[in-house]
Amino acid sequence: MSNEGYSASFINRQSFIELDARERAKALFDAGTSRELLGPFDRMESPWLAMQGVTPQEDDGCVVMKGKIAGQAAVIVALEGAFQGGSMGEVSGEKMTATLDLAAADNEKGIRTNAVILLETGGVRLQEANLGLAAIAELMASILALRKHAPVICLTAGTVGCFGGMSLAAGLASYIVMTREARLGMNGPEVIEQENGVEEFDSSDRALIWAIHGGEQRYATGLADALVDDDTPQVADTIRSFVSKGVPLLHRSSQVALYRTRIAKVDTSRQWDPKEFRALWTTNGSNKEKR
Amino acid sequence: MEQIEFNYPAKRRIRKRAHVGVVGSGDLEVLLEPTEGQVARVFIRTSVDGFRDTWKAVLDRFFTKYDGTVRIEINDAGATPGNVQLRLEQAVEVSER
Amino acid sequence: MSEYTGVRGTVWFRAFTGQASPMDGDPKSVLTGDAPLGNEHARFLCVVPDLHGRFPCARHGEVGLEEAFTLATRVREVIEQDKNTIKRPIVAIVDVKSQAYGRREETAAIFLAAASAADAYGSARLAGHPVITLVVGHALSGAFLTHGYQANRILAFDDDGVMIHAMHKEAAARVTRRSVDELEKFAKEIAPMSYDIRDYAKLGLLYKLLHVENPEKPSPHEIRSVQAELVGAIADARRSPVHLRNRLESEGAREMRKASILVRTKLEAQWLGK
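Residue numbers (my numbering), protein chains in the order written: chain A, 6 to 296; chain B, 14 to 110; chain C, 38 to 311.
Don't take every hint at face value.
Stated by the list, open to error - Straight-line Cα separation of at most 27 Å, DSS-like style, residue types lysine-lysine; simulated pairs: (1) B:Lys29 - B:Lys69; (2) A:Lys73 - A:Lys250; (3) C:Lys222 - C:Lys245; (4) A:Lys153 - A:Lys250; (5) A:Lys114 - A:Lys31; (6) A:Lys31 - A:Lys270; (7) B:Lys78 - B:Lys24; (8) C:Lys303 - A:Lys153; (9) A:Lys153 - C:Lys120; (10) B:Lys29 - C:Lys303; (11) C:Lys206 - C:Lys225; (12) C:Lys225 - C:Lys65; (13) C:Lys222 - C:Lys239; (14) C:Lys303 - A:Lys114; (15) B:Lys29 - A:Lys31; (16) C:Lys245 - C:Lys225; (17) C:Lys222 - C:Lys295; (18) A:Lys73 - A:Lys31; (19) B:Lys78 - B:Lys29; (20) C:Lys239 - C:Lys225; (21) C:Lys65 - A:Lys270; (22) A:Lys153 - A:Lys114; (23) A:Lys153 - C:Lys245; (24) A:Lys73 - B:Lys29; (25) C:Lys239 - C:Lys295; (26) A:Lys73 - C:Lys254; (27) A:Lys153 - A:Lys31; (28) C:Lys303 - A:Lys31; (29) A:Lys153 - A:Lys73; (30) A:Lys250 - A:Lys114.
What the hints assert, rightly or not - The following residues of chain A were derived to be distant from chain B, with all beta-carbon distances above 12 Å: (31) Ala36; (32) Val59; (33) Gly72; (34) Gly202; (35) Glu205; (36) Asp207; (37) Ala216.
Said to hold, decoys possible - Ranges between beta-carbon positions, derived for each pair: (38) A:Gln19 - C:Glu226: 43 to 53 Å; (39) B:Asp73 - C:Arg235: 44 to 54 Å; (40) B:Gly91 - A:Lys153: 36 to 46 Å.
No lab work stands behind these hints, which were simulated from the structure alone. Beta carbons: idealized from backbone N, C-alpha and C, even for Gly.
Chain A extracted, bound-state conformation (with noise of 0.2 Å):
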C-alpha cells in the first residue's frame, strides 16, 4: 500500500475529535497531573430524566478535570456531546459553574487557575428546561467573573459544535479555539429553516453550513482566536499557549463600539456570501494565532 500523496502529519495525526470527553480533558493536562472531580463513580445524575424515560449518565455528560497546564493550575470542564447531544440540565450547568467558582475563589487568594471549557453542545437540555436555561445564566455570569482574574478559553471542536445558550458562554470566553469541522452559532441550520424558512436556511446545504458557522470562517472573520489541525498535540500545544497569554487586554464581548459599528454598515437588503465578511471583519476583535 503506497502513501503517496499523504503527508507524515496527516499519517501520524492523533485525532481529538475521535476522543471523548474525558480523553479530550485529560489530554490537555501536563502529563500527570490531572484527576477528576465528580466522577461517574459520585454518581451525580440528573433528577430529571429518568422519569421521562430517557437512561441518565452517571457524570450527566459533563467531566470536570483539576491539573496544571503549562506548569500554572487549571480546570478542565468538558462537555460529553454524544450525551443527550452535549445539552445543558441541572447537573451538567451546576458542575461547571461551581467549577469556575472555585476556580475564582483560588485566585482570589492568589493562585492564578485558569479555566478551558471544552464546549459540544446544542444548549439546553429541553427535558430540564427552566433548569438547563438557568444554569447558562449562571455559568455566564460565574464567567465573567473569572475572566478578570485568569483566561477562560473555550474550545469547540466538533462534531457536535457549539450552539444555543452556550454560544453565549463561548462569546464571553476570553478566547476561542476551533477546528475547521467545529462550528460554532447561535441557532443551527435546521432551527433556522424550521422558523423562517428554507429560504432563509436551507438546512440541507452543508457547504452553507460551514461557510457561516465554520470554524475556518469563525477565525476568518475575527470570531474566533484560533483555528486548529484535528491533532491532539497541537490542539494542547494551542491550550497552553493561551494559558501562558493570559488574559486578554479587551474582551472581545466587552468590544461594543466595534461591533455595533460593524452591524450598523452591513447591507441588510440581501443575503450575504459570507465570504465577503472576511474582508470586512478581519483581525481587531480577535487575539488571533495561525496554526
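Since chain A is already given, all that's left is putting chains B and C on it; use the hints.
Frame of chain A; chains B and C shown alone:
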C-alpha cells in the same frame, strides 16, 4: 424505562474499579466496582423495554468467562448485544490494568 | 391569551418613564429611558417590535443584532457615567418573542452580540449597579439570556401572558412529537419544563411574583405598586453580594434544585484533593 437485575456466583476479588462508555444513542456506560461476598451483581437501566432475555443471554455468556466479585451498573440507550459485550470487556480490561 | 402580543413592553416602559421612544441614533426596537424610581434615578431598557427594522428576521419583538448591541451600549453608558459615583439601578423590562433566527444574524455572529449585551448587564451588576428584571410578557431562551437573565433580582407577573422558557411551545411540541396541548399537559408535571409562570416561580429564581389585573392596561395605582416592588428589589439587591450564587439560597432552590446544591457541596469537598 426498564430496570433489570441479575446475580451470578463469583469468587475472585477485584482491586480496581472501572468506568467505560457513554450513554449515547446505541451505546451504554458501564460502572464496575469491587464488592464483598461471593457474588457478582448486575443492575441495568435501559430506555429500550422488552429485551430482558437478550440482556440475560449476553450476561450469561459474559459470566461464563468472568468470575470477579463485582457490582456492575449499566446505563443503556439502545446498544446492540455486540456493543454491550464490547463495553463489558473494556471495563474488565481497565479494572485489571 | 398566552400568545406574544408585543405590546406589554411599551406599556410598562411608558408607565415608568412617561416616554416610548428610543434614544438618538438607536433603532426603534430598543427603548431606553432615564426616570425617577423611588428617590433615585434609574435607567429603563426594553426591546419592542419594529416592523420597519433593518433586519427582516428581527421585526416582531425578536432580539437580534441591533437590539443586542444597543442594549450593550446603553448599559455600558451607565457603567461609565457612574464610574465615580452612586451606581444607578438598571431595570430591564422584558417581553421578547425569541432571539432572531436568520442567516444574516448567524453570519454576523449574533452569538457575540447576545454575549455583549449579557456582558454589559453582568458587568453592571459586578460593578455594584442593582440590575432588576421585570418580566411583563415573554422571556424566551437566547433572548432572555441576552436581556434580563443577568439581573440581581427578577420579578414577573402571575399572568397567563407571562412565560419564561427555553423553547416556545410549537417548537417543543414538534421536537417531542406531541400536540401543543399534550406538551403543555406533560410539561406541567415536570417542574422545570412547565410553561406556567407559577410553576417557574417554584424553582426559586424569582424574587417576586406580582399581581396586576391586566398587564396590558395597568391602573395608575397598580403602576405605583409595581414601582414600589422595584424599589424593594433594588434595596434587597444592594444588601446582597453581587454574584448570582444567591439564586441557590432561595426557598425554591432548596426545594427544587437539591441536586445543584449537592453538586456544589461535593465539589467544594473534593476540590482540595484526597
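- Output the numbers, in ascending order, of every earlier hint that fails for this structure. Violated hints (numbers, rising): 6, 12, 23, 26, 32; every other hint is consistent with the structure.
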